[in-house]
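Given the coordinates of chain X, assemble chain B onto it according to the supplied hints.
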Amino acid sequence: MTSRNTLSYAYYPGCSLHASAGEYDLSTRELFRKLGIGLTEVPDWFCCGATPAHNVDELLSLSLCAKNMELAEKVGGDLAVACAACFSRLKTTQHVLSENDVKRKQVEKAIDAPVPMKGNVKHLLDILARDLGLDRLKQAVTKPLAGLKVACYYGCLLTRPTDVPNLDCVEAPTIMEDVLKAVGAETVAWSHRLECCGANFTLSRPGVVIQLSHAILDSAKEAGADCIMVACPLCHGNLDIRQEEIEGVYDTRYAMPVFYITQLVGLATGLGADKLGLDALIVNPMPLLKEKQLL
Amino acid sequence: MSRIGVFICHCGENISRTVDVERVAAQVGTLPGVAFSTDYKYMCSDPGQGLLKKAIQEQRLSHVVVAACSPRMHEKTFRKAVESAGLNPFLCEMANIREHCSWVHEDRDEATAKAIEIVGMMVERVKKNRVLPTITVPVTKRSLVIGGGIAGIQAALDIADAGHEVVLVEREPSIGGHMAQLSETFPTLDCSQCIMTPKMVDVANHPKITLYTYAEIEQVEGYIGNFQVTVRRKARSVDEDKCTGCGICMTKCPQKKIPNTFDRNLGMRPAIYVPFPQAVPNTPVIDRENCTKFKTGKCGVCQKVCGPGAVDYEQEDRLIVEPVGAIVVATGFDLYSIEEKPKGSAIKGYGEFGHGKIPDVIDGMTFERLASASGPTGGKILRPSDGREPKQIVFIQCVGSRAREKGISYCSKICCMYTAKHTMLYHHKVHDGQAYVFFMDARTPGKSYDEFWRRSIEEEEAVYIRGMVSRLYQKGDKIVVMGSDIAVGVQVEIEADMVVLATAVQPQKGADTLAQKLGISYDKYHFYSEAHAKLRPVECATAGIYLAGACQGPKDIPDTVSQASAAAAKVMTLFAKDKLEREPIVARVREAGCVGCFYCQKVCPYGAVEEKEIRDRQGNLVKVVAYVNPGVCGGCGTCQATCPSKSVELDGYTDEQIVAMIEAL
Numbered sequence: 001m002t003s004r005n006t007l008s009y010a011y012y013p014g015c016s017l018h019a020s021a022g023e024y025d026l027s028t029r030e031l032f033r034k035l036g037i038g039l040t041e042v043p044d045w046f047c048c049g050a051t052p053a054h055n056v057d058e059l060l061s062l063s064l065c066a067k068n069m070e071l072a073e074k075v076g077g078d079l080a081v082a083c084a085a086c087f088s089r090l091k092t093t094q095h096v097l098s099e100n101d102v103k104r105k106q107v108e109k110a111i112d113a114p115v116p117m118k119g120n121v122k123h124l125l126d127i128l129a130r131d132l133g134l135d136r137l138k139q140a141v142t143k144p145l146a147g148l149k150v151a152c153y154y155g156c157l158l159t160r161p162t163d164v165p166n167l168d169c170v171e172a173p174t175i176m177e178d179v180l181k182a183v184g185a186e187t188v189a190w191s192h193r194l195e196c197c198g199a200n201f202t203l204s205r206p207g208v209v210i211q212l213s214h215a216i217l218d219s220a221k222e223a224g225a226d227c228i229m230v231a232c233p234l235c236h237g238n239l240d241i242r243q244e245e246i247e248g249v250y251d252t253r254y255a256m257p258v259f260y261i262t263q264l265v266g267l268a269t270g271l272g273a274d275k276l277g278l279d280a281l282i283v284n285p286m287p288l289l290k291e292k293q294l295l
Numbered sequence: 296m297s298r299i300g301v302f303i304c305h306c307g308e309n310i311s312r313t314v315d316v317e318r319v320a321a322q323v324g325t326l327p328g329v330a331f332s333t334d335y336k337y338m339c340s341d342p343g344q345g346l347l348k349k350a351i352q353e354q355r356l357s358h359v360v361v362a363a364c365s366p367r368m369h370e371k372t373f374r375k376a377v378e379s380a381g382l383n384p385f386l387c388e389m390a391n392i393r394e395h396c397s398w399v400h401e402d403r404d405e406a407t408a409k410a411i412e413i414v415g416m417m418v419e420r421v422k423k424n425r426v427l428p429t430i431t432v433p434v435t436k437r438s439l440v441i442g443g444g445i446a447g448i449q450a451a452l453d454i455a456d457a458g459h460e461v462v463l464v465e466r467e468p469s470i471g472g473h474m475a476q477l478s479e480t481f482p483t484l485d486c487s488q489c490i491m492t493p494k495m496v497d498v499a500n501h502p503k504i505t506l507y508t509y510a511e512i513e514q515v516e517g518y519i520g521n522f523q524v525t526v527r528r529k530a531r532s533v534d535e536d537k538c539t540g541c542g543i544c545m546t547k548c549p550q551k552k553i554p555n556t557f558d559r560n561l562g563m564r565p566a567i568y569v570p571f572p573q574a575v576p577n578t579p580v581i582d583r584e585n586c587t588k589f590k591t592g593k594c595g596v597c598q599k600v601c602g603p604g605a606v607d608y609e610q611e612d613r614l615i616v617e618p619v620g621a622i623v624v625a626t627g628f629d630l631y632s633i634e635e636k637p638k639g640s641a642i643k644g645y646g647e648f649g650h651g652k653i654p655d656v657i658d659g660m661t662f663e664r665l666a667s668a669s670g671p672t673g674g675k676i677l678r679p680s681d682g683r684e685p686k687q688i689v690f691i692q693c694v695g696s697r698a699r700e701k702g703i704s705y706c707s708k709i710c711c712m713y714t715a716k717h718t719m720l721y722h723h724k725v726h727d728g729q730a731y732v733f734f735m736d737a738r739t740p741g742k743s744y745d746e747f748w749r750r751s752i753e754e755e756e757a758v759y760i761r762g763m764v765s766r767l768y769q770k771g772d773k774i775v776v777m778g779s780d781i782a783v784g785v786q787v788e789i790e791a792d793m794v795v796l797a798t799a800v801q802p803q804k805g806a807d808t809l810a811q812k813l814g815i816s817y818d819k820y821h822f823y824s825e826a827h828a829k830l831r832p833v834e835c836a837t838a839g840i841y842l843a844g845a846c847q848g849p850k851d852i853p854d855t856v857s858q859a860s861a862a863a864a865k866v867m868t869l870f871a872k873d874k875l876e877r878e879p880i881v882a883r884v885r886e887a888g889c890v891g892c893f894y895c896q897k898v899c900p901y902g903a904v905e906e907k908e909i910r911d912r913q914g915n916l917v918k919v920v921a922y923v924n925p926g927v928c929g930g931c932g933t934c935q936a937t938c939p940s941k942s943v944e945l946d947g948y949t950d951e952q953i954v955a956m957i958e959a960l
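Protein chains in written order, with my numbering: chain X, 1 to 295; chain B, 296 to 960.
Dumping the calculated EDC-like pairs for lysine to aspartate or glutamate here, alpha-carbon to alpha-carbon at most 20 Å:
id : chain 1 : residue 1 : chain 2 : residue 2
1  : B       : LYS643    : X       : ASP168
2  : B       : LYS643    : X       : GLU171
3  : B       : LYS770    : X       : GLU222
Calculated from the model, a selection of chain B residues having no Cβ within reach of chain X, i.e. all distances over 10 Å:
id : residue
4  : ARG318
5  : GLU370
6  : ILE430
7  : ASN500
8  : SER632
9  : HIS723
10 : PRO740
11 : LYS874
12 : LYS897
13 : GLY930
No lab work stands behind these hints: they were computed from the structure.
Ideal Cβ positions, reconstructed from N, Cα and C, are used throughout, including at glycine.
Chain X extracted, bound-state conformation (with noise of 0.2 Å):
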């Protein structure tokens, strides 16, 4: 186990993260550095194949996760992953090749490599929660987000596959609103925080995330929610960058900022919206974090 003090990571971002989700990023990095956690960029890091891969050629998408894992091992350490599409392929490869020995052997020849089976795969929910544990994150506080009511989104990919060890419960996950709690945000219950937002239907059934997408942003709002808050690009994508459009549909009004996980903890610990990338927001956060005086 790594010891409490010196707790460090090899980081895969995943392509959203040098794409249409560089805030998440930026606040990645900028607050585990303020939180003392390292996290080392895996070099030559490359895409898991997200969700095409493992519908067309399993081996395929079996193998570019490995590579990655075995690239990561280069830098030591569990691998810290912050999208959760890319979290769910590693995490299903890593129990995948762990119990099935003649899978192993096919990725180990087409990787020419082997595997690395020691390390773990962790969303930075995990680290957050456990590695750092939620004493320790309290800690960190400088400044409460009280006031700011917040309706967690897991979406579909955190906490699944369910025959995968998981993140949290399936069907009752805690841990997101555990960690706001810590920071001092006021959580909603509310009942779509594990439906599928659409993911990356998002540019071939456009009809089909406007839809669903549309009944999470509702129930976010009728739950009372200030904003939402993901630890997913693609979620992000959906219930952000498409909020105007999805209004337009349905002639309703949300201004819901969306946030990533990253982004409101790293309010919390005091960082400013410059390090945080609040501008790259679609729905304007700033209102809302002035009126609650998180600013």
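Below, chain B alone, put in the same frame as chain X:
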């Protein structure tokens, strides 16, 4: 010189298809000591047994080997046949050439050679068999029934009506069990209370029945015909002899806010209470955990108002030892709880159905209380959250049942029928309401059952949707149920006012602990196991213990009552004789060799090994040796295998016999 007869069975074609039985008969006929050998198509049939008997008499046989199926199947049959021909039954052995040979091999020559070897071994073994005398043990003609639900009540009444004393032990303060909680019962819709409460009164008034409510089994010792059962009568804090059941204590109790478990927590009760107005006995009990007097020492109102002075705060648990000859286990079932994830259980919770967080999501038993005339709403179907009448109600079947991923793979059997009943009761009471049922498939295999289910659809207008619900959530004062209709292939969303879950039937809590006390076996779900699913369905593998009702597996009332009467009949069969005959396959200790280490005592699963003092003529203690009580011994042979000085031998399985078998190979 022994004159052994060997009889080779074809078992129809089961054996003869693979084994050349004629060759086996010819070959073993040449073995030393074999006087006669033959083969026959069905040895177990009447002509087959006749052949055996005739040969014993005509050939003056001294020993018999039947080469056929597993001794589990027909050893008793052939030993009986041998006995009727005048030989001691234990001079007959079976060679298993079916399960151990013909069924597991394909090559005819090799299988035949193996069959010859198997029979040859048994020939050598049977030469060493001794005449074993049947063991008889006395029978105490009283029985214990554990559990006072409909199963226990029926079994107790049947046994008592046959003239034998019965001790009925119930854990709760009143008998009646789950059936007393039900509203109407399928498939006739007669009210449960109307058919149950008179039986409860019969039990209480029966001169042959001793009723212990609020009592638990503490310890069970002994064996068939001779059990010693210790019953713990928990302190009721009310003297049953003095109490008149006037109920004034309950009305005066200042504590009135304890959830009423009989009403599935829908109503409240005081700290001194009877579970329901028709309870038997109608003696209140003080719930010490919630009583102010017991918690703080202040109060004592019930004692002050009690006219006959029956309230006794000092009362303590009492232990009573009851000698009985037979035990009927009828501990019943419990429902899988949606409210909490059972601790330490393999069963996973149903977070997606609200984990009991949504007040108007209830289980089937709670609905029974709502529909019951004696329930908290007087039989009106009202929502627990706001007391409104639900106009759209959704029933979800198979919650927990048939869900391998949740840890229960079996079908709970009663839910299809009770859900159909619920839709009817609902429609009878809420005429303008609409009931929906999400179901996987309807399983209604009982007399008049399918007609009942069809009626709920055709006459009572319940809408059945084939498909499961993925999740449900609260939206305003509605519950949105998200499911699929796989018949049409569409997603369905229903805004319901109330949702009723048909949750899985599980054994009562503590079923495993009781089984360990009784020495009976249970399956991975903790349902009790019968000795044989088809031929001995009400008996446990442990002699003298019988099963009735849902403690064995999910059962409806007709099945439960039938089984309870069957268990009672088994008890009566046992009590029909004054002495019990037991198989003499028991262990015996060679006292000269025994060094008194008592390893055998430690390993004996039946508790049959006792200590015996050996004294010389002057009465001085020479040594202490082991003694196996033949009445208790189950003949498992564990002691024989454990004994370091080889001083224990199991009759019928002596070292000499086993060595003879090995040497014959």
